[in-house]
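Could you fit the two chains together into a complex? Lean on the hints.
Spelled out, the chains give:
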Amino acid sequence: MTPRVGVITFPGSLDDKDAARAVRLAGGESVSLWHADADLHSVDAVVLPGGFSYGDYLRCGAIAKFAPVMGKLVDAANGGLPVLGICNGFQVLTESHLLPGALTRNDHLHFICRDQKLRIENNSSMWTSNYEIGQEILIPLKNGEGGYVADEKTLDELEGEGRVIARYLEINPNGSRREIAGITNARGNVVGIMPHPEHAVEKLTGPTTDGLRFFTSLLTSLVNNGKVSA
Amino acid sequence: MSIDTVSDAISSPKTSQPFAELGLKKDEYESIREILGRRPTSSELAMYSVMWSEHCSYKSSKVHLRQFGTKVPKNDSMLVGIGENAGVVDIGQGWAVTFKVESHNHPSYVEPYQGAATGIGGIVRDIISMGARPVAVMDPLRFGDPENPDTRRVLTGIVSGIGGYGNCLGLPNIGGEIVFDSSYQGNPLVNALCVGTMKHEDIHLAKASGVGNAVILYGARTGGDGIGGVSVLASETFDADGPAKRPSVQVGDPFMEKLLIECTLEVLHAGLVEGIQDLGGAGISCATSELASNGEGGMHVWLDRVLLRDSTLSPEEILMSESQERMCAVVEPAKIDAFMAVCKKWDVEAVVIGEVNNSGRLTVEWHGQEIVNVPPRSVAHDGPVYERPYARPDWMDVRQSSGPENLVRPKSADEVKQTWLTMTGTPNLASKSWVTSQYDRYVMGNTVLAQPEDSGMIRVDEKTGLGIAVSTDCNARFAALDPYKGAQLALAESYRNVAVTGAKPLAVTNCLNFGSPEDPAVMWQFEQAVTGLADACLEMGTPVTGGNVSFYNQTGEVAIHPTPVIGVLGVIQDVDRRTPMAWQRDGEIVYVLGTTRDELAGSEWAHAIHKHLGGLPPALDLQAEMTLAEILVAGSRNELFAAAHDVSEGGIAQTIAEMAMRSGVGVRLEVPAGLEAFTFLWSESATRAVVVVPQDRNDEFLALCESKSFPVTKIGVVDALSKSVELAGVFGESISMDIDELRTISEETLPRLFG
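From first to last, the protein sequence lines are chains A and B.
My numbering puts the first residue of the first sequence at -1, with every later residue one more than the last.
My numbering puts the first residue of the second sequence at 3, with every later residue one more than the last.
This is chain B alone, in the form it adopts within the complex (with noise of 0.2 Å):
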């Protein structure tokens, strides 16, 4: 096996080299060359490939993402911010919160089961490397048309590996989303949210710190699995006997992964590690790149030393590799011993491959030979910055232009029954349980809420019911009709479903899912987006702590809707005052919080019922956001609601049907003065909420409500004699509704077209 070392790479400079077969443009090749002053040896140029790829160095995004950091809102909160593995939040009480989103769309296309499952196993290991014990994991869904057969094999696969993967792992699964819609056919959207706990002094940080400190690989050995492009080096430059052609997506493993955990916290506890690092994308390469940039600056690493599945990885494979569940150490030379014997009583092999030093330089040996030599920073941190161009598509002035205005809408009561019962059962609205059944959400027993309410709910603490909340939304129909106010309102979503729930929202992580940056109309809707979340997140005071780009989810031409997933997470003093979704006893007071107008456009009417996606998105106040969420945590505070439900896809109608269904008991409704009962039914104006007063509450209730001068209508009471939903006010009738019939309707669309 000929190995290209760096005096090679001296006394070849014209040797060409595979860099655009890896995925680099001439002019990046060129800047590396000048960055080395020499051609880059085939490992060197394999470690550049992947860490200026777009997934790993942001370098289309970057110039836009730095919003999330100038339009940062005075925030107590933050003890760490973007930049590391995942922000740190102050919750109080000594404890801190760490949470990320991610995206794992492409492997979970090519390999479904795999590729959900190592997205979670990733996400977490962002989490324990942080110094937090993940303590629950959520997955915002998107997929294709549930008709087209191939959405059956994607859905199926991905449900699998993330229950398979997650269940074993121990970390309940308490919500996420599931989203229907024919953009995502090619290109299915799976994003992991993993959220940790831990006490302010664990937080720990990547970085290599300490001159003569070990650099220790510990985890899973070291496979051919993940490699994909840099088989191009492999064959190129090595005798053809080896396996040339090697999977490119991950496999998992989470019993390795939960040992993994076990052991990484007890030796960060036992104040064992200086710096950590999870390995993800980009392996090796990733790790010790940052690990030195982020330190003293210098690292050497002996590659040999690796632990490997297959002997005949190459040394480029090695750095490449994205075997899943290893995790890298710095750690001082006298505690080595103990560091080991922590990795043996898991069962976890270790070994130390490298150490820090103040060269400046990260060098890698091979058997010998120097094969890496190059500044840390300009692998890690130094990549590309591109200023993609983005312009306005002519096309959105004809997709806003055509509203929902001319749609038919039912005309009689018998009509908006019909329509009722048909939308509970859309695949959009209907029960996610078959999906949510196959997720353990009971381990660890601190869940106290979990899908289907409106955030999962988490207890941090037993002794003094200390805890947190998070959701994740986007209606991606919304950001395609205006990307900055969809993004928009999908964190005014997210924030809401926190506070429905009794928890202040605190802090935000996004996933931003979007088509090709190179395509000018979508890196204007990412523009967009990212703006428009950035300003809102000034405005509300809950700071981006983290997050997650995602482009080229494109087939061909046709990109995905924008889709930048939002996750809010709320802090909550007593999770025994927490506020569930389902009403309780008869005679509680049934009311609407905000108001409701004639807003349809992007609404899950229009594209269920008629296939429409046009017009403008609904209005959106961000400081009647804001109240809309004081009222609702006082409120759970000061023990005035049985039961409160957000208001978003399929209306009030499919609100209340959900607090139907959760519930059992029977509700009589009328529809309010001056509303049309389609309009009251179906539109999507945001801000708005269902809850319900105990009556001897209600005055209180009203009062905080004037207090704060936001629009409060009572629309009804439980009924614990009835087993329907009624509603009054209908072209002048009454509809009534079994409960039962709605359940049915709702819960057997996901087993028809899926089990």
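This is chain A alone, in the form it adopts within the complex (with noise of 0.2 Å):
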């Protein structure tokens, strides 16, 4: 059977179309869920897709993590569903406290939008599994707030037990701490990264293809952990 894989869309979500075609590209059915639905629809996994949901108002993911499909995604996720969320998904990955430290304003105050080189540090998580631990790979970056920060005490914790999935290489775009660009629930199911995988999965639209491996490693994932027949 097909994994199936849930894009949950907010109102103001953008890349949730985006996220879907990577989970097809890599062999998944996707699933739309909408932000008002009472259940997950019985999916294998979850992708927060990256977008401005609900405006940003208050701060990014603020609002989001009240949305009524939120309450059975964490319930969910701490169940050992496997969830992605890039940028936005990220931020609201961190507001739901899924993942621990939040995001803030880049440095220097500009959006931006680039080819970011990261190197993958974990190939342990669920959505990292198909990586090489140490692998560069380049993917498009495009945030206004992805500057990650935790307490030194969290980032230790973080680094000690090998949670950081993936730093930025060559330059810091937005003053992450430690250059941090994605991390991982101690479980390994719940991952948020900052630059966009699904925006790097064909070659005519994306710099690489260096991003569909996050959704290789999912399905890789769900079918050696017996949730799907290969």
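Treat the hints with care, since some could be wrong.
Part of the chain A face toward chain B, derived, beta carbon under 8 Å [what the hints assert, rightly or not]:
no., residue
1, 9
2, 10
3, 12
4, 13
5, 15
6, 49
7, 110
8, 111
9, 115
10, 134
11, 138
12, 140
13, 202
14, 203
15, 222
16, 224
For the record, the hints were derived by calculation from the structure and aren't laboratory data.
By construction, the Cβ of each residue, glycine as well, lies at the ideal position given by its N, Cα and C atoms.
What follows is the structure, encoded as structure tokens:
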């Protein structure tokens, strides 16, 4: 059976169709989930896409946290459901306390869109298992509030437990502490990443196809966990 | 609060009215009285004053713009022509494209962030009101002297506004222009282009048909923003208690616009709408009068039903408000509930404010009292038309006769190299990535090419690879030297930029930015530019599908350079075959297509090095331009090119530098026999492109050029071992420039000025 991967659309989500396309190109079936849905439609995993949910009013991701679908998602994620938050999705995950820390205004105060080099630091999460540790990838980055911050103790914990999944290389585009581009929870099922792997899945439209492995990693993980058959 | 009703207007014919403060001329006011057979109510006066403004009525430009309707080339691809919110073009496979460019110049000078932001908002609503999904935006921008401190205020605000609004809207920004010239110091130009796609059956028009149908206003609430001059009425007619002075620049909310896009496309695709109109300039006045005028001819509006942000607004202000993110739809009574359900899903407020009838009148009531009763056509379409006097100014003789012949040119290999390095870093030629990196070019996942490529290219159909390319261009210095030829050169450049990427040019939009139409010299520039553009469009087979005129870009006696920004749309059958601008592999052969003449008048070199503007712009042969495009499109389709890049501002030197910086791979070139190095590098002769051909396609490429009898000159080869641009034949020597050094020079200019 083809894995079913939900993509949640909040009012103001922008990269939801791109996330769905990436799921399909990786071999999964994408399922549209609506912010007001009362359940997760039995999906095998969920992507929280980029964009400006609820106009980023109050704080990025702060209102999305209260969407009806998020209550179910938080429970399911705590139960092991794979969840990937990209950009605004990452912000929603920190606001929902599924991941520690917060994303703040870029240190240079400008929105920035660039092809960003990253180093993969962890390949044991459900979303990064198909990468090599130390592998360098190039994927688009586009954010106004992408500076990852957390207190020193949390940062030390993330490093100590190997939960930094990717770091910025060459330049730190937004002032993130310790060049952190993405992190995972301890269980490895919930991952947040500020750059956009879903925009690097086709040679035609992306700088590379380096982002596709986030999605094939998920499918591999689901098969290995016996959630779906190969 | 006293209300000026229709019966008041009848009973008090002698009441004096502030028509002049509202921008109406005495004779215009008299003709309103004649149309109505009485004095207008204050609400009617407000409606006429805004709808008969230059911005809404095109009263000075109409007589000239008619040429776009009479000089129409034979072209099967036009589905909807000029006059609607935006023209619609057939691109095949059942797909249609609509695109349009509009100005938001004056608001962007007053309040750069909001002016630029709402400029995008307005053009996007034009596109969705045709039934299309917006798929990309572009921004042709003009600023004053980059060293002037006010330019920093204007530029940084405008760029933030475009990014802040466009990024949040989820539309990729795929190109545009940034040009500096002191003629724009007090009058920056902010033009915004949006392109949308749809299936043929989804085309919608703005008309209120079907007696008994409901008129629904939906989107943001109506507030006191963008009212401008109408506050004269409020202060004259009403108690002084209410807020009288209101901001005249609108404030945008891109999140609401995003909801409005999704909500509108959903109601259109569900078949719930008979007619639709966006609310832009002149707000409810414009939307209701245009809908009624295009439909059955009558409409009744209950103005007190409009949802307000500010309960103290007067009816005149509500009619005039330019609050953003609002739309008006005409809906059959049986479909109102379904329409409202979609609005609720997207958290968009909606209310029925009117009903279509066959009275032939637009009537508006306010708490039971009639405050407007007019023939809608007289408001929307039958405004004044002026035949403004125009005459070629005498100073054109001086301007055209003082050419660049005597300007000092580089005299040695060293001076050529130094000039090349200097030119690479001038504000007009330098990398614009400091600006464009503040815009999202990836969202929607269909961006095939974006700046700094020659045109922006978007994949329309994922299955077939059908795509479109769009470019906007204008060298206003050419238009200043000869507005007729300048407009044609702008069209030719835009046409070429589309063809260079492999797309076939199909249709044209324009944004005509000029000084005051009351100045006969400006009016002459306008008349010349429109005529030049219409003539060239007819010859090249690319119809004008719509556009926009912006007059009064003038401070005191000083007008901007005439700036007819031309957008060209092209279609490409398979975006996989697109031609990028960067060469790739060792041994690829570099050619110039076209003829290089000694043409430096209006060039970037004359401007940047000598601050000189004079002479006659480059010669233009439209037939040759079409042949060049045929070669570029055929070469792309048959995969003859590794790369191609247009030659325009900055000449071949700039073209080569941009290709090298984009590629990172070196190149060895030689000045062709019979040309001086300087002319070869910096002439801006039209109808040229640099193309790069893999060795195994060389014979086929040369045969193609020969079959078209088009001039082609080999200038060098790509050298993968080198990281520099080398040019032989410069005063008997070779010069060499490191690509990383060029890139550093190119990329540091804008951050230095504005970062």
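Among all the numbered hints in the text so far, which are the ones the structure does not match? The structure conflicts with hints 9, 10, 15, 16, although it agrees with all the remaining ones.
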